[in-house]
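Protein chains: 2
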Amino acid sequence: MILLDGKKLSQKILDELKQEAAGMAKKLRLAVVVVGKNPVVEKFIGQKRKAALSIGVDFRVYPFEETITTDELRKHLQKIVREKKNTGVVIQLPLPGHVSVQYILNSVIPEKDVDMLSVRSVGALAVGPKSSAMVGPSAAVGGLGRKNIILPPVAGAIKAFFDEYSIEYKNKNIVVVGAGKLVGLPVSLWLLGEKTPFGVVTNQTPDISEFTKNADIIISGAGRPKLITGDMVKKGVIIVDAGTSESEGRISGDADFESVSQKASYITPVPGGIGPVTIAMVFKNLVLLSKSKSHRRRV
Amino acid sequence: MILLDGKKLSQKILDELKQEAAGMAKKLRLAVVVVGKNPVVEKFIGQKRKAALSIGVDFRVYPFEETITTDELRKHLQKIVREKKNTGVVIQLPLPGHVSVQYILNSVIPEKDVDMLSVRSVGALAVGPKSSAMVGPSAAVGGLGRKNIILPPVAGAIKAFFDEYSIEYKNKNIVVVGAGKLVGLPVSLWLLGEKTPFGVVTNQTPDISEFTKNADIIISGAGRPKLITGDMVKKGVIIVDAGTSESEGRISGDADFESVSQKASYITPVPGGIGPVTIAMVFKNLVLLSKSKSHRRRV
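Chains as they are written, first to last, in our numbering: chain D, 1 to 299; chain B, 1 to 299.
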């Protein structure tokens, strides 16, 4: 069993980005919009700040009160997004329950949407890089040739692991667990765009083990600890655990590491797997989007 | 074996739409943009015209020469889309090879995008109806409550068949054949949005029969005649054949009807299956989008 080491891969990506950022005419800055306070969120922001500073990218947090309305937040965001110094904007999730999340996410223009969560970025990903290069405002997406296509950070992280460990995934039985907006959907859109076959199981699937048992690769983002146990997978399976659930301030994945790791050929630990590489991919997108500005085409 | 009768279902939907259209304050008009000449395309346009006239909807074709440039076409489209009398706009595919297809499709604003092929419409579908109701320009999409969600016509047609024939699809093994923009992608986005489990096989799948053999429902949109034969499916399978390929002026589906129909419990014929219902769904979208205008929210 080989552990897919997210800390090591993240460091490697950040080292490359540091060089790239140093060579760019404009200083990059990631703006992070945070609503309310939450110790787990603080921890994530700390990780992003550390990554930013380590590669010479400015980092600015815009904090807002838990009670802010959707309309107020949207107005602030329009200014934050327009601010030239902010070359990328992240809206830290989760947002409070009363906020219209997608409406807020849509205020980030595609050229600064490092998380690729706005309707326009998701649409550009779904219709494919070749065509989205002609979208105008979304031109940044995919304008850099096949190798440097902008992907949602979690999909980019998974692809980076596959590349780093020379894991062939195109002719495999891939099962995506969950169809949520942060993992299942972006991963599915990435695979659809590549015409890579895959299956999606959700909480509507009567017995997901029917599918996981035959899977060569399981990409899980259900957010349910110990959802996937050793008896549900075959010998040699590759486990990409992108599930994150929080319990008493600790982050857990979807896989029961102890039992699953006895059968897996490769497995991402949680923490230290997908998480740090996903953060590195946010910065990779920041660099790629800034680079692609000179390639931009008409609206 | 029960034949899923597209002509009958299409007529039923059009009859309902006729009543709805008659009750609307504004006369609806579908604008169809056609580039070049092609007998099969002419036939499709004729079917749409017939459907429009049968339900009291105006129909206007905007023809352009085969040699038109992308920029010229885009300029004309901006006028056509802005024209108030056009309550819906269809860009008839295929377009000539020199035209940037997605860039042209993106000129249709979501409120008039009955085919749901623009980046913004695809994005709104992918992020889900609940959230897309807050997108502003895309507000029309999904602004009508769960029952009247706007779907890409082919996905709407498949759902209409399932509803009409009381086919339960949510706990089934669904295999989507192909990941193209006209069938595989919109069908996948629809199913992802519903969290309905499914699998996608493509021409990268070494042997698709490994998946089709276990499928309860096969939704095929590969555009390859006789791709799916009787030996590749199990007894009782439901075949939704949305593949269209043209040979000598005739339209073929993906299924080898003769062999597959001997095992299927339900099957859509080609022609006379998905095709006519997809056309009816274009007009359903035209009606739903016009209705939803009063529900529209901020940008």
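Everything labelled a hint here was simulated from the structure, so no lab data went into it. None of the values given here were measured: they were computed from a predicted structure. Some clues are possibly wrong.
For chains that are exact copies, the list does not tell them apart, and a pair is met inside one copy or across any two.
As a list, the in silico DSBU-like pairs of lysine-lysine whose alpha-carbon atoms are at most 30 Å apart [what the hints assert, rightly or not]: (1) 195 <-> 84; (2) 159 <-> 18; (3) 43 <-> 159; (4) 43 <-> 235; (5) 79 <-> 26; (6) 234 <-> 85; (7) 213 <-> 263; (8) 291 <-> 181.
Now the hints, each set against the structure:
{"no.": "1", "hint": "195 <-> 84", "result": "neither (37 Å within a copy, 39 Å between copies)"}
{"no.": "2", "hint": "159 <-> 18", "result": "within (20 Å within a copy, 50 Å between copies)"}
{"no.": "3", "hint": "43 <-> 159", "result": "within (25 Å within a copy, 44 Å between copies)"}
{"no.": "4", "hint": "43 <-> 235", "result": "neither (35 Å within a copy, 54 Å between copies)"}
{"no.": "5", "hint": "79 <-> 26", "result": "within (20 Å within a copy, 39 Å between copies)"}
{"no.": "6", "hint": "234 <-> 85", "result": "neither (50 Å within a copy, 60 Å between copies)"}
{"no.": "7", "hint": "213 <-> 263", "result": "both (11 Å within a copy, 27 Å between copies)"}
{"no.": "8", "hint": "291 <-> 181", "result": "both (27 Å within a copy, 28 Å between copies)"}
Taken one by one, the earlier hints fail for this structure at numbers 1, 4 and 6, listed in ascending order.
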